[in-house]
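Read top to bottom, the protein sequences are chains A and B.
Offset between the first sequence (1-based) and the numbering used here: plus 321.
Offset between the second sequence (1-based) and the numbering used here: plus 32.
Rather than coming from a laboratory, the hints here were simulated on the basis of the structure.
Ideal Cβ placement from N, Cα and C applies to all residues, glycine included.
It is possible that part of the hints are untrue.
The calculated label-pair distances, taken between Cβ atoms and stated as ranges, are [as the list claims (entries may be wrong)]:
| # | chain 1 | residue 1 | chain 2 | residue 2 | range |
| --- | --- | --- | --- | --- | --- |
| 1 | A | 341 | B | 45 | 37 to 43 Å |
| 2 | A | 377 | B | 112 | 46 to 52 Å |
| 3 | B | 39 | A | 432 | 33 to 39 Å |
Covered stretches of chain A (chain B as the covering partner; in silico rule of three or more C-beta atoms under 8 Å from a C-beta of chain B) [unchecked claim]:
| # | region |
| --- | --- |
| 4 | 328-337 |
| 5 | 352-365 |
Pulled from the structure, derived: some chain B residues nowhere near chain A, Cβ distances all over 12 Å [stated by the list, open to error]:
| # | residue |
| --- | --- |
| 6 | 36 |
| 7 | 75 |
| 8 | 78 |
| 9 | 94 |
| 10 | 107 |
| 11 | 111 |
| 12 | 112 |
| 13 | 113 |
| 14 | 116 |
| 15 | 117 |
| 16 | 118 |
| 17 | 120 |
| 18 | 122 |
| 19 | 135 |
| 20 | 137 |
One-letter residues, chain by chain:
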Amino acid sequence: GDSVTQMEGPVTLSEEAFLTINCTYTATGYPSLFWYVQYPGEGLQLLLKATKADDKGSNKGFEATYRKETTSFHLEKGSVQVSDSAVYFCAPRGGATNKLIFGTGTLLAVQP
Amino acid sequence: ETGVTQSPTHLIKTRGQQVTLRCSSQSGHNTVSWYQQALGQGPQFIFQYYREEENGRGNFPPRFSGLQFPNYSSELNVNALELDDSALYLCASSLGGDRSPYGYTFGSGTRLTVV
Chain A
322 GDSVTQMEGP VTLSEEAFLT INCTYTATGY PSLFWYVQYP GEGLQLLLKA
372 TKADDKGSNK GFEATYRKET TSFHLEKGSV QVSDSAVYFC APRGGATNKL
422 IFGTGTLLAV QP
Chain B
33 ETGVTQSPTH LIKTRGQQVT LRCSSQSGHN TVSWYQQALG QGPQFIFQYY
83 REEENGRGNF PPRFSGLQFP NYSSELNVNA LELDDSALYL CASSLGGDRS
133 PYGYTFGSGT RLTVV
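Extracted from the complex, chain A is given alone in its bound form (with noise of 0.2 Å):
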């Protein structure tokens, strides 16, 4: 079935850092791609998207390139905050009920 599997947290790093957090996934058809940050206590939040092939999504310094060929989605930030401290879930959606699928997200801690 569809799925998608994030590198394993946490990943710490210290302020002003470059982040990667890998995302691959398995999903019938053609995706779009999603990236959701989480704060502690908090819903989940659009952080931003791709919906096709070589798209580039971003937001506040994060990017993201959709690839088809190797059905990745890595989230990356040049520059990382103290604020960035969050768990970040990637999800496509698609499949048969069009559903956003996630993983069990990575949480990023940043230290000053």
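Could you slot chain B onto chain A? The hints should help.
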């Protein structure tokens, strides 16, 4: 525009009881999905409604049921509560049904504790 609002924010129930969680969709959105997020886990899809009809369901038993109203607000009902039902329940709304490329807007969730 208003976002997605859920009520209540926290709830404590006893095993065997029934619970109803409520969700108001973002203005203009006609699709709503419900997710269960256990502690430390990613959200798991429960079901989705599009224009008041259920059009997708995850691997949850029939005691999880839902409704979507003409104004696109929604309810999640859980009967015969079990301890494992303790989780954060997230409602998410979107525009469009099947094949929609749009992302969902999530509410802040209802934290349900079953004791």
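Unmet hints by their number, sorted upward, for this structure: Violated hints (numbers, rising): 4, 6, 7, 8, 17, 18, 19 and 20; every other hint is consistent with the structure.
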